[in-house]
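The task is simple: from the sequences and hints, build the whole structure.
There are 2 protein chains.
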Amino acid sequence: MAGAFPPSLEILVTHLMKLPTIGRRSAERLAFHLLKSPREQSVELSEAVVRMKDRLRRCSRCFNITEDDPCAICRDPSRDSKILCVVEDAPDALAVESAGGFRGRYHVLEGCLSPLKGVTAGDLHIAELDERVASEGVEELILAMNPSVDGEATALFVTQRYAPKGLRLSRIALGLPMGGSLEYADEQTLQHALSGRTPISGRES
Amino acid sequence: MAGAFPPSLEILVTHLMKLPTIGRRSAERLAFHLLKSPREQSVELSEAVVRMKDRLRRCSRCFNITEDDPCAICRDPSRDSKILCVVEDAPDALAVESAGGFRGRYHVLEGCLSPLKGVTAGDLHIAELDERVASEGVEELILAMNPSVDGEATALFVTQRYAPKGLRLSRIALGLPMGGSLEYADEQTLQHALSGRTPISGRES
Chain A
1 MAGAFPPSLE ILVTHLMKLP TIGRRSAERL AFHLLKSPRE QSVELSEAVV RMKDRLRRCS
61 RCFNITEDDP CAICRDPSRD SKILCVVEDA PDALAVESAG GFRGRYHVLE GCLSPLKGVT
121 AGDLHIAELD ERVASEGVEE LILAMNPSVD GEATALFVTQ RYAPKGLRLS RIALGLPMGG
181 SLEYADEQTL QHALSGRTPI SGRES
Chain B
1 MAGAFPPSLE ILVTHLMKLP TIGRRSAERL AFHLLKSPRE QSVELSEAVV RMKDRLRRCS
61 RCFNITEDDP CAICRDPSRD SKILCVVEDA PDALAVESAG GFRGRYHVLE GCLSPLKGVT
121 AGDLHIAELD ERVASEGVEE LILAMNPSVD GEATALFVTQ RYAPKGLRLS RIALGLPMGG
181 SLEYADEQTL QHALSGRTPI SGRES
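Chains as they are written, first to last, in the working numbering: chain A, 1 to 205; chain B, 1 to 205.
If you are wondering where the hints come from, they were derived from the structure by calculation, not from laboratory data. Values in this document were obtained by computation on a predicted structure and should not be read as measured data. All the pointers check out, no bait thrown in.
In this list, chains with the same sequence are indistinguishable; a pair is considered to hold if it fits within one copy or across any two.
Below, in silico cross-link-like pairs of lysine-lysine (DSBU-like), each with a Cα-Cα straight-line distance of 35 Å or less:
#	residue 1	residue 2
1	Lys-82	Lys-165
2	Lys-36	Lys-117
3	Lys-82	Lys-36
4	Lys-53	Lys-18
5	Lys-36	Lys-18
Below is the structure:
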């Protein structure tokens with residue numbers, strides 16, 4: 001529908017199409033929605049984008065995203081500094097935090113090892129993790145990388161680096177998601193679900 | 001995931017969720033994308049939203065959206081002023097225009113009759129269409145309302161209003177879309193496709 005659009009509408013559509021999962025049709029629908037909605041709503045959205053970019057930075061200790069440095073979790077004295085949850089990137093840390101129940105702190109690697117993309121340990125915040133392990137009395141690392149080839153490689157790398165130093169290490173469980181079904185689970189997930197089975201408490205007692 | 005988000009990120013997610021088809025998860029994905037992308041890209045998107053709102057207005061003649069009034073189509077002397085394509089709203093006019101092949105002009109009603117929503121002829125640009133029919137030498141109206149109950153009602157209303165004035169009236173064809181299949185077409189579409197069948201030229205000659 002390109003040619004018929006007024007220039008400012010076409011430019012907006014082009015910019016919206018740079019967003020993930022937004023194709024031409026979706027971009028047009030969003031643009032028409034903004035066109036019809038009150039000016040105020042568009043201005044607020046527009047300002048929220050730039051404000052987010054300007055306010056957010058990386059925490060200099062855990063590399064999670066934050067408005068203040070160090071971040072609220074690193075500053076919170078009630079969080080257990082002996083346990084670090086190691087994640088690939090900020091959205092992963094936010095997901096674990098939102099799930100609730102974890103009272104330790106985080107360490108965001110800002111990526112994962114990927115020989116194909118040329119990402120090595122030097123590109124991740126591994127040196128900073130060394131430093132924290134040495135200076136903060138860390139006793140346990142919970143590895144919460146994504147269950148992908150690169151995520152597994154990164155978990156293996158971290159394990160081999162810190163296990164010899166006497167830290168407790170664990171990997172978050174792989175298995176069926178809540179609401180998932182055995183019938184549609186892929187083989188790898190099922191294998192992990194089987195090998196990672198947990199004893200039933202009735203049997204233990 | 002709400003609680004764990006830094007405020008400026010949470011605000012952006014809230015604003016993105018006001019957009020159609022964007023739920024919490026999609027809004028988060030878009031926000032994280034903007035977070036990771038260069039600041040410039042976010043600023044450009046942000047400016048494009050506000051610029052679009054500020055520059056676009058309705059053409060005072062045809063009520064299509066435009067940056068200049070009257071719009072480029074109304075100003076273009078090569079367009080046939082005797083034929084008006086009547087549509088519900090601006091995206092419909094842009095869709096017809098982008099399809100190409102139409103050399104007349106448009107009239108955007110800015111809505112369609114809807115007894116349920118309390119939309120009457122007085123809420124649409126019907127008076128302005130009367131005026132154009134009277135003053136611009138219009139001879140033909142192509143009714144391109146959506147194939148919905150309200151769209152059909154609006155087409156019927158326009159037909160009853162202008163047929164007595166001696167104008168040629170036509171309704172865009174309803175039938176199977178390109179790539180559609182008989183097997184999955186609904187009954188109404190098939191009925192329209194049958195009753196609106198077109199003679200095959202080989203037979204005519």
